[in-house]
Each structure stands twice: as C-alpha cells, then as structure tokens.
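Sequence order for the protein chains is A and B. According to my numbering, the first sequence holds residues 1 to 460 in order. According to my numbering, the second sequence holds residues 1 to 298 in order.
If you're looking for bench data, these hints aren't it; they were derived computationally from the structure. Positions of the beta carbon are idealized from the N, C-alpha and C atoms, including for glycine. Certain hints may be false.
[Unchecked claim] Example chain B residues on the side facing chain A (calculated, C-beta under 10 Å, incomplete):
no., residue
1, T49
2, L51
3, M55
4, W77
5, P148
6, S181
7, I182
8, L187
9, G190
10, G222
11, S258
12, V261
[As the list claims (entries may be wrong)] Now the in silico label distances, taken between C-beta atoms and shown as ranges:
no., chain 1, residue 1, chain 2, residue 2, range
13, B, A20, A, L298, 29 to 39 Å
14, B, A20, A, R453, 39 to 49 Å
15, A, L7, B, L51, 15 to 25 Å
16, A, T5, B, L51, 41 to 51 Å
17, A, K358, B, P207, 37 to 47 Å
18, A, R453, B, I182, 24 to 34 Å
19, B, V189, A, I447, 41 to 51 Å
20, A, I271, B, L60, 29 to 39 Å
21, B, F108, A, K358, 18 to 28 Å
[Stated by the list, open to error] Reference listing, derived: stretches of chain B covered by chain A, where coverage requires no fewer than 3 residues with Cβ under 8 Å from a Cβ of chain A:
no., stretch
22, 103-117
23, 121-127
24, 133-146
25, 150-161
26, 201-208
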Amino acid sequence: MTLSTALIAVLLIGGAAGYLAFTRAKGLRGAGQRLNSLPVYHAIHAALWTALPALLFLALWLPLQHALVDQAVLASPAGQALPDFAMQRDAILGEAREIALGLRPAGFNPESAGLAPVYQATMARHSLAGGAVAILVALFGAFFALRRQGVDFRARLSVERWVMVLLVGASLIAILTTLGIVLSLLFESVLFFSKVNVGEFLFGTTWSPQTAIRADQAGSSGAFGSVPLFWGTIFIGAIIAMIVAIPLGLMSAIFLTQYAPSRVRAWLKPILEILAGVPTVVYGYFAALTVAPMVRDLGLAIGISSASSESALAAGLVMGIMIIPFVSSMADDSIAAVPQAMRDGSLALGATRSETIKKVVLPAALPGVVGGVLLAVSRAIGETMIVVMAAGLAANLTINPFESVTTVTTQIVQLLTGDQEFDSPKTLAAFALGLLLFIITLILNLIALRVVRKYREAYE
Amino acid sequence: MSSVAQSRWTDGSMHKRLAARYAAERRFRAFGFAAVAISVAFLAFLLITMLAKGMGGLDLAFLTGSDSTDPVRAGVWGALKGSFLTIIVTMALAFPIGVLAALYLEEFAPRNRWTDLIEVSINNLAAVPSIIFGLLGLAVFLNFMHLPRSAPLVGGLTLALMTMPVIVIAGRNAVQSVPPSIRDAALGVGASRMQVVFHHVLPLALPGVLTGTIIGMARALGETAPLLMIGMRAFIVAPPQGVTDPSSVLPVQIFLWSDEVDGAFVEKTSAAIIVLLVFMLAMNGLAIFLRNKFERRW
Numbered sequence: 001m002t003l004s005t006a007l008i009a010v011l012l013i014g015g016a017a018g019y020l021a022f023t024r025a026k027g028l029r030g031a032g033q034r035l036n037s038l039p040v041y042h043a044i045h046a047a048l049w050t051a052l053p054a055l056l057f058l059a060l061w062l063p064l065q066h067a068l069v070d071q072a073v074l075a076s077p078a079g080q081a082l083p084d085f086a087m088q089r090d091a092i093l094g095e096a097r098e099i100a101l102g103l104r105p106a107g108f109n110p111e112s113a114g115l116a117p118v119y120q121a122t123m124a125r126h127s128l129a130g131g132a133v134a135i136l137v138a139l140f141g142a143f144f145a146l147r148r149q150g151v152d153f154r155a156r157l158s159v160e161r162w163v164m165v166l167l168v169g170a171s172l173i174a175i176l177t178t179l180g181i182v183l184s185l186l187f188e189s190v191l192f193f194s195k196v197n198v199g200e201f202l203f204g205t206t207w208s209p210q211t212a213i214r215a216d217q218a219g220s221s222g223a224f225g226s227v228p229l230f231w232g233t234i235f236i237g238a239i240i241a242m243i244v245a246i247p248l249g250l251m252s253a254i255f256l257t258q259y260a261p262s263r264v265r266a267w268l269k270p271i272l273e274i275l276a277g278v279p280t281v282v283y284g285y286f287a288a289l290t291v292a293p294m295v296r297d298l299g300l301a302i303g304i305s306s307a308s309s310e311s312a313l314a315a316g317l318v319m320g321i322m323i324i325p326f327v328s329s330m331a332d333d334s335i336a337a338v339p340q341a342m343r344d345g346s347l348a349l350g351a352t353r354s355e356t357i358k359k360v361v362l363p364a365a366l367p368g369v370v371g372g373v374l375l376a377v378s379r380a381i382g383e384t385m386i387v388v389m390a391a392g393l394a395a396n397l398t399i400n401p402f403e404s405v406t407t408v409t410t411q412i413v414q415l416l417t418g419d420q421e422f423d424s425p426k427t428l429a430a431f432a433l434g435l436l437l438f439i440i441t442l443i444l445n446l447i448a449l450r451v452v453r454k455y456r457e458a459y460e
Numbered sequence: 001m002s003s004v005a006q007s008r009w010t011d012g013s014m015h016k017r018l019a020a021r022y023a024a025e026r027r028f029r030a031f032g033f034a035a036v037a038i039s040v041a042f043l044a045f046l047l048i049t050m051l052a053k054g055m056g057g058l059d060l061a062f063l064t065g066s067d068s069t070d071p072v073r074a075g076v077w078g079a080l081k082g083s084f085l086t087i088i089v090t091m092a093l094a095f096p097i098g099v100l101a102a103l104y105l106e107e108f109a110p111r112n113r114w115t116d117l118i119e120v121s122i123n124n125l126a127a128v129p130s131i132i133f134g135l136l137g138l139a140v141f142l143n144f145m146h147l148p149r150s151a152p153l154v155g156g157l158t159l160a161l162m163t164m165p166v167i168v169i170a171g172r173n174a175v176q177s178v179p180p181s182i183r184d185a186a187l188g189v190g191a192s193r194m195q196v197v198f199h200h201v202l203p204l205a206l207p208g209v210l211t212g213t214i215i216g217m218a219r220a221l222g223e224t225a226p227l228l229m230i231g232m233r234a235f236i237v238a239p240p241q242g243v244t245d246p247s248s249v250l251p252v253q254i255f256l257w258s259d260e261v262d263g264a265f266v267e268k269t270s271a272a273i274i275v276l277l278v279f280m281l282a283m284n285g286l287a288i289f290l291r292n293k294f295e296r297r298w
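Please model the complete structure; the sequences and the hints are all you need to start from.
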C-alpha cells in the first residue's frame with residue numbers, strides 16, 4: 001500500500017462519514033424535532049473531523065518517513081556495507097531510492113542496484129504503517145464526530161471554527177513562504193561563507209567561479225568577488241532600463257490620463273497591458289535575436305570597436321520597454337490620486353494643461369511616482385530571462401554600454417544549471433547571490449510600499 | 001513675481017508669449033503621444049518579427065510532436081502538456097489559498113501586529129524576483145522534501161507560492177468593493193459572519209477574484225526562471241503522463257531552443273513563441289472579458 005492509497009481511503013472515509021451524518025441529522029429532524037444546525041453542517045462537521053486530522057498526519061509523516069527509511073536502510077546489513085564517505089553514501093542511497101521508485105532503471109554506482117530491493121521493502125513497510133495509522137486516525141475522527149451528533153449539537157459553530165482556522169492558516173502561508181525563503185537562502189549561504197570569506201564576496205572585484213577538477217590545477221580556487229555582478233545588474237536594470245522606462249512610462253501615463261479621449265484610452269490601455277503580459281523569455285529571445293545585433297552594428301558604426309553582440313545596452317533597452325507598462329500604471333494611480341480641486345485651481349488661474357501637469361500635478365504626485373519607480377527598479381534587477389539570453393557572462397566592470405556585462409540573476413542561472421555536486425562552492429554561491437538579491441529587493445520594496453502608502457493617506 | 005517680464009496686449013509681446021505657451025503645450029502633448037506610440041510600435045515590431053520567422057514552422061506536426069535534437073521533427077506538444085499540468089497544480093493550490101487569505105484579511109483580521117506582518121509579507125512577496133522562488137523550490141522541495149526533479153508537481157508548487165500573493169491582492173480589492181450594505185442586510189436577517197462572507201460577499205466578489213487569478217495564471221504560464229532552477233530544463237522526449245513525470249514547459253522549451261546552434265531552430269523557437277503568445281492573449285482576453293461583463297459599479 002502506498003501513501004496515495006491511504007490518502008484516497010481517508011478522503012473516502014471522510015465522504016462516507018459526512019453522508020452518514022447528513023442522513024442521521026435528517027432522521028433526527030424527521031422525528032419532529034427542530035435541529036440547532038442544518039443537516040449540511042452536520043455533514044461538513046463529520047467530514048472535517050474525519051479527514052483533517054488524518055491529512056495533517058499524512059502531511060507530517062511524508063517527510064518523516066523519508067528520513068526513517070534512509071536510516072533503516074543504512075542500518076540494514078546491505079547498508080552497513082556502504083562506504084563511510086558521507087557524500088558517496090548519500091549518492092548511492094539517492095540512486096537506490098530512484099530505482100526503487102521506478103524513476104530510473106539503474107544507477108551509476110553498482111552498489112545501488114543491490115540496495116534498491118532493500119529500499120523498496122523498507123519503504124513498503126513504512127508506508128504501510130503510516131497509511132494504517134492515517135486510516136485509524138480517520139476512523140477515530142469519524143466515530144468521535146458521529147457520537148457528538150444530536151438535536152442540540154451546534155454543528156454550524158463547530159464548522160465555522162474549523163473554517164476560521166483554515167482562513168488563518170491560508171493567511172499564514174505568506175509568512176511561512178517569506179520565512180522559507182529567508183531560511184533556505186541563509187542556510188546555504190552560511191555553508192558558502194564557511195568556504196569563502198564574506199569580505200571577499202562583498203567587496204572583491206574578480207568573479208570567476210570555475211573550480212577545477214584537480215586541486216593542483218591553475219585557478220582552482222575560483223574567485224567569488226560579487227562587485228562586477230552587482231555593477232552589471234545596476235547598470236542594466238537601474239540605469240539603462242530606467243533611462244528608457246521612466247520618461248516613456250511617465251509620459252504614457254500623462255498622455256493616457258490627461259490628454260487621450262476616452263475611446264483612444266480604451267484601446268491603448270489594454271495594448272499596454274499586453275506589453276506587460278508578454279513573457280520575459282519572449283523579450284529575451286527578441287533582444288538576443290533582433291535588438292542585440294542592431295545595437296552592435298550601431299556601436300561599430302559610431303566607431304566603438306569593442307561593441308559586443310551581448311551588450312548591456314541591448315538587454316537594458318528591452319528591459320526598459322518591458323518595464324514601461326509597470327511604471328505607467330504606477331504613475332497612473334498616483335496621478336489619479338491628486339485631488340481634482342488642485343487641478344481645477346491651477347487651470348482657473350489660466351495655466352495651460354501642460355503647465356498644470358508640470359507645476360501642480362506632478363509635484364503633488366511625486367512621492368507616488370518615486371515609489372512606483374523604486375518598485376520598477378526592484379523588478380528590473382530581479383529580472384532574469386532577458387539578461388540570461390541577451391547579456392553576457394563576462395564579469396566586466398565597465399561603463400561602456402556597448403560592452404558586455406553580466407548580472408546577478410544570469411550568474412545564479414549559470415551556476416545552478418550545470419551538473420555539479422550540490423555542496424560545491426559554485427552552487428552555494430548561487431544561494432549567497434540570491435540572499436543578497438533578496439535583501440536588496442526587500443529593502444527597495446519596503447521603502448517603496450511605505451512611500452506609496454503614506455502618500456495615499458495624505459490625500460484621503 | 002517681478003522677475004517675470006511684463007507683457008502687454010498692445011505691443012504684441014503678450015501674443016508672442018501666448019503662442020510660445022501654446023507651442024509648449026503642443027510639444028508636451030506630442031511627446032506624450034510619442035511615448036505611447038513607441039511602446040505600441042515596439043509591441044507591433046516584436047509580434048511581426050515573431051510571425052514572420054515562426055509562421056512557417058507552425059503546422060500540425062509541430063503542435064503534436066515532442067522535443068527532438070532534429071529541428072525538423074521537434075514539436076511542442078510535450079512542453080505544452082507539461083505547462084498545462086504545471087498550471088493545474090498551481091491553480092489548485094494558489095486559488096483556494098489566495099481567496100481564503102484575502103477573505104480573512106478583509107473580513108475577519110483584527111488590526112494588530114500579526115496582520116501587519118502578513119500584509120507586509122504578501123505585498124513584498126508579490127515583488128520578490130521570481131528567481132528567488134526558484135531557489136526556494138530547489139532548496140525546500142527538491143533538496144529537503146526530495147520531490148521528483150523536473151516534475152510539474154514541483155513546478156506547480158513553486159509557481160503557486162509565486163502567484164498566491166497576486167491572487168490575494170486582487171481578491172482583497174474585489175472583496176473591498178462589495179458595499180457594506182450587503183453585509184449589513186445579511187447580518188440583519190440573522191446570518192452568521194461566516195454565512196455573510198461565504199453566501200454573499202464571496203459570490204459578489206468572485207468575478208474580480210477570477211480576473212486577478214487568470215492574470216496571475218497567465219504570468220505563471222509565461223514564467224521561466226524559477227522552473228530552470230528546479231531542473232525543468234532537461235531534454236525530455238516523452239510527454240509527461242502525470243504530475244510527477246519529468247517534463248519541460250513551454251517557456252523553458254523556448255529558452256532551450258533559443259540556445260541551439262542549428263539555424264533551423266530559429267523557426268521552431270519563433271513558432272513556439274507564437275503558441276505561447278496565443279495562450280497568453282487568450283487568457284488576458286478572457287480576464288478583460290470577465291471584467292467588462294461582470295464588473296459592477298456599486
């Protein structure tokens with residue numbers, strides 16, 4: 001019996017308990033008495049008491065079983081014979097697991113084939129035990145719920161308490177996700193920083209993460225100075241992209257809200273939304289296929305011999321265009337929040353529309369616009385596919401937009417998509433970069449959200 | 001105000017100033033129009049380029065075939081099926097959780113530090129780079145929970161964490177726009193607070209919630225980076241049969257083909273992009289249609 005059978009059994013028992021409770025409640029009513037709660041609440045109550053504890057148990061058991069099975073297999077005679085070296089042992093164990101689950105026919109290590117039947121048997125034993133306990137829990141819950149039924153039983157209140165727990169639980173998932181991000185990034189980063197100096201990582205200016213296969217090979221240590229990566233990220237995302245996105249986005253918002261007739265606006269706004277909805281991989285492909293060669297030719301034409309076909313400019317331009325709808329909608333919101341009275345006052349004094357916008361509306365909307373721009377920067381520096389496909393891999397510290405630079409997100413992808421052991425500094429470096437990226441975007445987001453919220457309150 | 005030169009109507013200087021101001025007005029307006037026009041032109045340029053390069057590769061064999069090293073035989077069906085399975089997992093998780101969280105925050109949550117913390121996390125999560133969610137998925141789902149690599153299940157879980165905040169934010173706006181009189185009337189005839197929320201507020205807010213959900217799903221459908229992190233970039237020929245089979249998804253397939261040296265893959269990549277864009281446009285169109293049809297101004 002696998003755990004999925006147990007899961008289906010639990011759900012079936014839950015449904016049966018619910019149905020039983022429903023007919024019993026109807027029977028009580030049929031006897032001429034007035035129920036405190038409708039039969040359907042009796043049914044939900046019974047089903048919840050049956051299924052939820054059992055499901056909770058299964059959810060907790062699943063990761064636990066994994067650890068228990070590993071332990072039991074290692075303790076078995078076949079497991080005792082495995083090499084002592086932890087990494088190799090884990091690799092063999094992992095292969096045995098995959099063979100046992102039928103995910104692959106054979107492993108690289110010959111030992112794993114012998115271990116697979118042991119693994120399979122242990123796993124079958126453990127899932128049988130776990131499944132049996134889950135079904136027992138479900139049956140016990142059903143018994144308990146059905147025993148409580150009666151004319152005066154307040155099934156609705158009980159159900160509503162459960163639903164409340166569900167509601168709170170759903171909201172807590174956001175906190176758990178944040179916590180999960182922080183903990184997983186921190187955990188791997190601490191491992192990384194036990195191998196690489198924090199100071200070197202934060203302030204070093206050379207980035208070449210190639211670790212050699214043999215220890216005596218030249219350049220085997222690898223250099224993990226992240227400054228060029230962050231420079232590249234800021235250069236593409238916060239400078240070039242913003243030079244494109246801020247004026248165009250702001251002016252689009254002004255044109256759409258202040259000038260465009262409502263029929264034109266009704267057409268143009270969805271088009272801008274489509275621009276925002278185009279997947280980034282499409283932008284990336286377009287940047288690499290069309291924009292990058294054009295930018296390189298332009299660079300060569302104006303006499304920059306080092307113009308690269310993976311230039312910072314091409315990636316930044318396309319990223320800027322991707323961000324336009326975002327800036328535009330943020331600016332739109334903050335312009336709309338400026339009270340009409342301020343606009344009317346300015347127009348009544350004889351100012352033209354553009355003068356009103358430049359001297360009254362924009363200064364009043366500025367905090368909101370700045371908040372929106374900060375959010376846009378945070379989105380641009382976290383953007384991955386455009387830079388992976390259109391920017392380069394060379395970690396240059398340059399201010400020439402026609403040269404190639406690399407970014408944090410490009411390197412994370414590069415480090416994690418090769419075939420390395422998981423514990424090598426190369427893969428761990430990706431998590432350290434991720435942690436830094438998360439912290440930077442977190443700070444930007446918090447400032448921006450605070451600015452936007454404060455500004456909204458100012459006019460409410 | 002004395003720094004401004006005095007202009008008189010009599011000697012024509014006022015007319016000159018007025019003309020200059022009106023010219024500035026026209027320039028400003030033209031600049032605004034140009035800004036919108038550039039965005040629209042770029043979109044048109046992108047679409048036309050993709051159509052021109054990809055239309056030739058778009059045939060039945062392409063839509064029903066699977067990945068192959070031979071560009072002639074490479075098709076998109078395996079990746080498309082992977083995308084569907086992933087999105088189903090994402091929706092099954094993100095939609096109920098997002099709606100429940102939105103209802104709690106709008107209708108029940110007391111205003112205290114915990115609620116503030118939840119609110120800040122949700123707003124922040126909506127702006128966290130997607131690649132960070134990929135790192136989370138890699139560390140938690142693959143390395144800690146040992147779920148199968150490259151599987152739609154793991155991709156769906158990761159994308160669900162990413163889209164959930166989007167759905168919560170859209171859901172809260174929709175719930176907020178239901179007028180208090182509805183709640184008061186239901187409470188007045190004796191409904192409990194739960195009944196008010198689930199029998200009256202939620203059905204009225206549902207179109208708005210669905211619009212937000214579809215837009216979130218469209219974003220998840222086009223997402224690439226987090227799925228690269230959890231290993232959905234392997235070369236897989238057989239279309240997945242279930243959510244735990246190794247599989248690719250459409251955007252990742254596009255990314256992989258774009259890396260191929262063989263020039264024939266340019267056509268395949270562009271054709272795959274057309275397929276992806278058709279799905280995105282259909283979903284966004286559905287969202288806009290829902291919004292226009294069911295949105296009520298109270």
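For each hint, the structure was consulted:
1. Of the supplied interface hints, the one on B/T49 holds, with its beta-carbon coming within about 6 Å of a beta-carbon of chain A, less than 10 Å.
2. Annotation: B/L51 was flagged as interfacial toward chain A, and the flag is violated, the nearest CB pair being 12 Å apart, outside 10 Å.
3. Nearest Cβ of chain A to the Cβ of B/M55: about 15 Å, over the 10 Å cut. The hint is violated.
4. Interface restraint check for B/W77: the shortest CB-CB distance to chain A comes to about 19 Å, outside 10 Å, so the restraint is violated.
5. Interface restraint check: B/P148 against chain A, minimum CB-CB distance 7 Å, threshold 10 Å, status holds.
6. The restraint placing B/S181 at the interface with chain A is violated, with a minimum CB-CB distance near 21 Å, outside the 10 Å limit.
7. For B/I182, the suggested interface contact is broken, since its CB lies about 19 Å from the closest CB of chain A, more than 10 Å.
8. Given hint, B/L187 at the interface with chain A, is violated; its Cβ is 14 Å from that chain's nearest Cβ, farther than 10 Å.
9. The interface hint given for B/G190 is broken, as the beta carbon of that residue sits about 12 Å from the closest beta carbon of chain A, more than 10 Å.
10. At about 3 Å, the closest approach between the beta carbon of B/G222 and any beta carbon in chain A falls short of 10 Å, and the interface hint on this residue holds.
11. Against a cut-off of 10 Å between C-beta atoms, the interface hint on B/S258 holds, since the closest Cβ of chain A lies about 5 Å away.
12. Taking 10 Å as the C-beta contact cut-off toward chain A, the hint placing B/V261 at the interface is violated, the least distance being around 13 Å.
13. Between B/A20 and A/L298 the beta carbon distance is about 35 Å. The supplied range of 29 to 39 Å therefore holds.
14. Separated by about 40 Å at the C-beta atoms, B/A20 and A/R453 satisfy the suggested range of 39 to 49 Å.
15. At roughly 47 Å, the beta carbons of A/L7 and B/L51 sit outside the given window of 15 to 25 Å.
16. A C-beta distance of roughly 50 Å is found between A/T5 and B/L51, which places it inside the suggested range of 41 to 51 Å.
17. At roughly 39 Å, the beta carbons of A/K358 and B/P207 sit within the given window of 37 to 47 Å.
18. Between A/R453 and B/I182 the beta carbons are some 27 Å apart, a value that agrees with the proposed interval 24 to 34 Å.
19. A hinted range of 41 to 51 Å for the beta carbons of B/V189 and A/I447 is consistent with their spacing of about 47 Å.
20. For A/I271 and B/L60, the Cβ-Cβ distance of about 31 Å falls inside the hinted range of 29 to 39 Å, so the restraint holds.
21. With their beta carbons about 45 Å apart, B/F108 and A/K358 fall outside the hinted range of 18 to 28 Å.
22. Residue count for the stretch 103-117 of chain B with a Cβ under 8 Å from a Cβ of chain A: 6. That meets the three needed, and the coverage hint holds.
23. Taking a C-beta to C-beta cut-off of 8 Å, the stretch 121-127 of chain B contributes 6 residues in contact with chain A, enough for the three needed, and the coverage statement holds.
24. Figure legend: the stretch 133-146 of chain B, annotated as covered by chain A; annotation consistent (10 residues with Cβ-Cβ distances under 8 Å, at least 3 required).
25. Beta-carbon proximity to chain A at under 8 Å applies to 1 residues in the stretch 150-161 of chain B; the threshold of 3 is not reached and the given coverage is violated.
26. As drawn, the stretch 201-208 of chain B meets chain A at 0 residues by the rule of a beta-carbon pair under 8 Å; below three, the given contact is violated.
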